[in-house]
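Protein chains in written order, with this note's numbering: chain A, 1 to 82; chain B, 1 to 412.
Worth flagging that the hints you see were computed from the coordinates, not collected in a lab.
Ideal placement from N, C-alpha and C gives every residue a C-beta, glycine not left out.
Where hints are given, some of them may not hold.
[As the list claims (entries may be wrong)] Label pairs and their computed distance ranges (CB to CB):
(1) A/Glu41 - B/Ser372: 27 to 35 Å
(2) B/Ile371 - A/Asp5: 23 to 31 Å
(3) B/Glu379 - A/Thr54: 31 to 39 Å
(4) A/Glu7 - B/Arg157: 20 to 28 Å
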Amino acid sequence: MSYDDVEIEDMEWNNELQAYTYPCPCGDLFQITKEDLKLGEEIARCPSCSLYITVVYNVEDFLDKKSNKPIEPSKQQPVTVA
Amino acid sequence: MEEYDGMELRELENEEGKIVKHEEEEEGREQEIWSWGAGTDGQLGTGRLQDELLPQLLHFTSLSSAGPISFLACGGAHVLALTSGGKVLTWGRGTSGQLGHSDTVNSPHPKLVMSLNNYFITHVSAGWNHSGFVSDTGALFTCGDGTFGQLGHGDYRLHCYPVEVSFFASSSKHVEQIACGMRHSLVLLRGGSGDEVYGFGSGKRGQLGIAKDKINLVSLPERSCGFEGVKIASITANGDHSAALSADGHLYTWGRGFGGTLSAQMPQRLPTSFRFTKIALGWNHALVLTGGEVFMFGGSHHGVLSNPDKMTPVKHSADSREVVLEKVPGLEGSRTLHIAAGAEHSAIVTENGVLKTWGWGEHGQLGLGNISDQTSPQEVSLSHKFRKEAGLIEIYCGSGFTIAVRTLCRPS
Numbered sequence: 001m002s003y004d005d006v007e008i009e010d011m012e013w014n015n016e017l018q019a020y021t022y023p024c025p026c027g028d029l030f031q032i033t034k035e036d037l038k039l040g041e042e043i044a045r046c047p048s049c050s051l052y053i054t055v056v057y058n059v060e061d062f063l064d065k066k067s068n069k070p071i072e073p074s075k076q077q078p079v080t081v082a
Numbered sequence: 001m002e003e004y005d006g007m008e009l010r011e012l013e014n015e016e017g018k019i020v021k022h023e024e025e026e027e028g029r030e031q032e033i034w035s036w037g038a039g040t041d042g043q044l045g046t047g048r049l050q051d052e053l054l055p056q057l058l059h060f061t062s063l064s065s066a067g068p069i070s071f072l073a074c075g076g077a078h079v080l081a082l083t084s085g086g087k088v089l090t091w092g093r094g095t096s097g098q099l100g101h102s103d104t105v106n107s108p109h110p111k112l113v114m115s116l117n118n119y120f121i122t123h124v125s126a127g128w129n130h131s132g133f134v135s136d137t138g139a140l141f142t143c144g145d146g147t148f149g150q151l152g153h154g155d156y157r158l159h160c161y162p163v164e165v166s167f168f169a170s171s172s173k174h175v176e177q178i179a180c181g182m183r184h185s186l187v188l189l190r191g192g193s194g195d196e197v198y199g200f201g202s203g204k205r206g207q208l209g210i211a212k213d214k215i216n217l218v219s220l221p222e223r224s225c226g227f228e229g230v231k232i233a234s235i236t237a238n239g240d241h242s243a244a245l246s247a248d249g250h251l252y253t254w255g256r257g258f259g260g261t262l263s264a265q266m267p268q269r270l271p272t273s274f275r276f277t278k279i280a281l282g283w284n285h286a287l288v289l290t291g292g293e294v295f296m297f298g299g300s301h302h303g304v305l306s307n308p309d310k311m312t313p314v315k316h317s318a319d320s321r322e323v324v325l326e327k328v329p330g331l332e333g334s335r336t337l338h339i340a341a342g343a344e345h346s347a348i349v350t351e352n353g354v355l356k357t358w359g360w361g362e363h364g365q366l367g368l369g370n371i372s373d374q375t376s377p378q379e380v381s382l383s384h385k386f387r388k389e390a391g392l393i394e395i396y397c398g399s400g401f402t403i404a405v406r407t408l409c410r411p412s
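Please work from the sequences and hints to get the whole structure.
Written out as structure tokens, the structure reads:
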């Protein structure tokens, strides 16, 4: 079971880890990379324990601007895939 | 080397090999500090960077020479130890400067906070990655992560040694207590016209209690509402929760709701006839002490008494803001003296000196020798050197770890 739902704006970018992070109750950090977010991944895991959180975000905010623009005129296709 | 009831004491190979015991010869008392649980940032003070499933007795001369420990504050992965002589030792994670040693590195063993040496410190609190210190002159110092304004200096920077919060320095009122949560801080002020509570840092869940509207970040202290004319005994913060106990035993909570209840932007007095003497906050639960009995609210996560069959609901309410108080089972027959809460675990000490833990156990934070969760209180064994030794135990929890301070009264 997901420990919590956390909005991406409540997560902190950690340069060293190159990941968005949020405190884990074990003392370590839940982590998710930009690459994961681009793929639509919504689970941020803690490297020290079994817990994970669900990240609430808009996947379109993380897609590359370049590849995003040409598609924009015809916006019928859903971006997220289960 | 001595063995304590079969538990081997691992001596460290560095120069600090002395067992942590402060002996007050004239009173025949000595103090032991035991730690267990998550330890990879050095928060157990053992000198090792690993989790411990059983209580470990600490062995440092820096502790034993500093004098008896009167109070501990445990944060996300660091510890502040206050001595009866007003000095502060810190250890554990220091990557945000929260240890106050003028650097940003972890310390696996206790070190004196040198920059506070000219002050007599009377109260300390440890948040996720920040720390607060109150002096006997009513001054407040903070250090560590300031990303959310939780240091109260009017900026969002990290400070790696304790810096006085100038907002209170200019006030005629004395700071009495500090309470540090995940990303916020509360301060209790005493003065002629009554007690005041201030908040700063992240206010997204209402944990600052400073306005009815949603607040994002506040980097300078602002006064919390709803305490006019109320005498406050203590303030507490953990996770995104805030709480205050009044001198007459009323409990006020604000911030993130418990057990699926809504967040409260303003302090709410718990509508109950109970009078409380202590409160301990976790990230999703709270323990309260009333008449020697322990009640809990929230706590649907990770075995923090999650078994509904074992609970005795005392109050159910249709109002989604009101919490449900539930009596903790398995503590009958003996009054509870101390309570403590980690992020997802709980600990209590009874009047008979029995230490019990329950909740999330994945890192050994329950001290039971395994990583199982427990839905009801289980007794933790601290080894005894002498038989029938009378001991007073105080208990403290960090996010994923636990520390017990035992004062032994040797029969003379």
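Outcome of the hint check:
1. A/Glu41 - B/Ser372: 27 to 35 Å: The hinted range 27 to 35 Å holds for glutamate 41 of chain A and serine 372 of chain B, with Cβ atoms some 30 Å apart.
2. B/Ile371 - A/Asp5: 23 to 31 Å: 26 Å, holds
3. B/Glu379 - A/Thr54: 31 to 39 Å: 36 Å, holds
4. A/Glu7 - B/Arg157: 20 to 28 Å: Check passed, 24 Å falls within 20 to 28 Å.
The structure fails none of the hints (numbered hints given earlier).
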